[in-house]
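S.K.: Protein chains in written order, with our numbering: chain A, 117 to 225; chain B, 117 to 225; chain C, 1019 to 1169; chain D, 1019 to 1169.
Any given hint could turn out to be false.
To be verified - Simulated coverage check for chain D against chain B, where a stretch passes if three residues somewhere in it have a Cβ under 8 Å from a Cβ of chain B:
#	stretch
1	1035-1042
2	1070-1083
3	1118-1129
4	1134-1141
Stated by the list, open to error - Example chain B residues on the side facing chain D (calculated, C-beta under 7 Å, incomplete):
#	residue
5	I121
6	G134
7	L138
8	G143
9	D169
10	S170
11	V177
12	E178
13	D209
14	K210
15	V211
16	D213
Just so you know, these hints were derived from the structure itself, not from any lab.
Given the structure is predicted, the values throughout are model-derived calculations rather than measurements.
Note that beta-carbon positions come from the ideal geometry of N, C-alpha and C, so glycine has one too.
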Amino acid sequence: MTVDISTRGNAAVAHLSGEVDLERSPGVRRALLDALGRRMPLVVDLSQVSYIDSSGIASLVEAYQTARKQSTPFILCAVSAAALRVMQLARLDKVFDIRPTLDDALAAV
Amino acid sequence: MTVDISTRGNAAVAHLSGEVDLERSPGVRRALLDALGRRMPLVVDLSQVSYIDSSGIASLVEAYQTARKQSTPFILCAVSAAALRVMQLARLDKVFDIRPTLDDALAAV
Amino acid sequence: MMASVLPDPTLLAHLRVAATPASLRMIRRVVREAALLAGAPEPWADDLMLAVDEACQNVVRHAYAGQPGDLCITLSRTPDGDGVAVEILDFAPTVDPSQVRGRDLDDVRPGGLGVHLIEALCEEAGFAAAPEGAGNLFRMVKRFANAAPQR
Amino acid sequence: MMASVLPDPTLLAHLRVAATPASLRMIRRVVREAALLAGAPEPWADDLMLAVDEACQNVVRHAYAGQPGDLCITLSRTPDGDGVAVEILDFAPTVDPSQVRGRDLDDVRPGGLGVHLIEALCEEAGFAAAPEGAGNLFRMVKRFANAAPQR
Ligand SMILES: Nc1ncnc2c1ncn2[C@@H]1O[C@H](COP(=O)(O)OP(=O)(O)O)[C@@H](O)[C@H]1O
Ligand SMILES: Nc1ncnc2c1ncn2[C@@H]1O[C@H](COP(=O)(O)OP(=O)(O)O)[C@@H](O)[C@H]1O
């Protein structure tokens, strides 16, 4: 499965894993926007992301903007080295709300 | 490192890992024959072998024959699915002394 | 018995695949292994892999824009052995290079990052003259010596 | 703007690399991804990967016998879509197919297993006419339907 979504307290948690590339990012985008449709805070766990490209990052940016528009908390956590590298190159590491661990993210929503 | 060799009791244990292919099998062959030169029983742990080709199998066959000639026990253990598949296709699963775990192999030397 | 054709000693790999999203996984595997063959450390290989993925997905999404077509990638050692050169060839309609521009990074919105990533990760990147009968040729060079500038 | 060259819809991947032991990793990655692209389950892809690795290392060790040269692999869907066809082309001196034989499996000794593995894992395998200017063309077909015979 592309994205595994679970509920933790009042937040939804999306676990992305493997290679989030042009083939898989439309599924990731859809899953994140669907989760935000429930108007619950959304935490995205990126610990298992071995690769992400600009299309995967674009899905995160779109979810981030949708969350802002509807004032839903949107937090990234446990960002893998591969994912952090791309966010830094795109200067998005200062835009997203990024927490070190899932527990930190859940405490912040 | 290609092959990690350690000593357990009176036996040498060779841990092979990753892809044992035409590029790496000469190093594996050398390490196994060197270990047999010490005339200690040799256990080869294949649990971490993700891939092995006919050249890797040939290194094991050569070590097996060298061990027989000098009457040194030579036991394979914890054979990964990838390695077992190739041994079965080559009908060597009935030739080698294969034990399920490292402890089983050590108990047998 | 025939005479052996002299191989190009700088060639790391030449790959031809359909220009589809599903081909990108294979492309990444080849780029990564080619970089390692050239002696690159893993993080360097990962960076080149990302840059080439971005350039190839632009061919899929923009140059072919959903039309079927092939994509050829040639990876070679640079003549000085100080890096890897990548040529990405397509058979799509000719692209106007002046239209190939990333978005302003401070204007946060989805998309428009591929060109930035390519330029941040490679010392050279741009279109070159495509051979007769082909579409577009995009050329990238990434060198080992100095870390790529973080633009 | 130019006319788009019609791509071959059966092509999964075409790869050209130097015929060296260090190239086999990349070859395996490409074969595995091509099989998965064709819809193969992972164990099937792993089996094809092993068979093609064996055929390619025979090119490196026997056909070129240490001489430098390139190796081209073309992976395609079979016309019926029931498997994957692999063509391995080299530019080495012509090989006598009657000399390409595995050892008796009951005569246990190092080597002589590659041909057995190829034949156990593929429904078809053998030399075909190489194009003018090339050396040898080895062709393999592995089908999805029935498990390969365990010879
Ligand atoms: N290979 C290409 N062929 C045609 N147009 C391209 C190509 N690469 C990039 N472009 C153009 O440059 C723009 C920026 O590309 P990029 O930074 O990769 O972001 P994105 O693809 O997300 O828009 C694209 O929107 C497209 O208009
Ligand atoms: N591509 C090839 N070119 C020339 N000779 C080959 C080729 N493939 C196989 N052979 C011959 O067939 C023999 C058996 O091959 P194989 O079963 O792969 O075992 P091995 O390579 O270990 O000897 C080889 O020893 C070699 O003489």
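S.K.: Compare the structure with each hint and give your call.
M.R.: Here's how the hints hold up against the structure:
{"no.": "1", "hint": "1035-1042", "verdict": "holds (count 3)"}
{"no.": "2", "hint": "1070-1083", "verdict": "holds (count 5)"}
{"no.": "3", "hint": "1118-1129", "verdict": "holds (count 6)"}
{"no.": "4", "hint": "1134-1141", "verdict": "holds (count 4)"}
{"no.": "5", "hint": "I121", "verdict": "20 Å, violated"}
{"no.": "6", "hint": "G134", "verdict": "10 Å, violated"}
{"no.": "7", "hint": "L138", "verdict": "4 Å, holds"}
{"no.": "8", "hint": "G143", "verdict": "11 Å, violated"}
{"no.": "9", "hint": "D169", "verdict": "5 Å, holds"}
{"no.": "10", "hint": "S170", "verdict": "4 Å, holds"}
{"no.": "11", "hint": "V177", "verdict": "5 Å, holds"}
{"no.": "12", "hint": "E178", "verdict": "4 Å, holds"}
{"no.": "13", "hint": "D209", "verdict": "12 Å, violated"}
{"no.": "14", "hint": "K210", "verdict": "10 Å, violated"}
{"no.": "15", "hint": "V211", "verdict": "6 Å, holds"}
{"no.": "16", "hint": "D213", "verdict": "13 Å, violated"}
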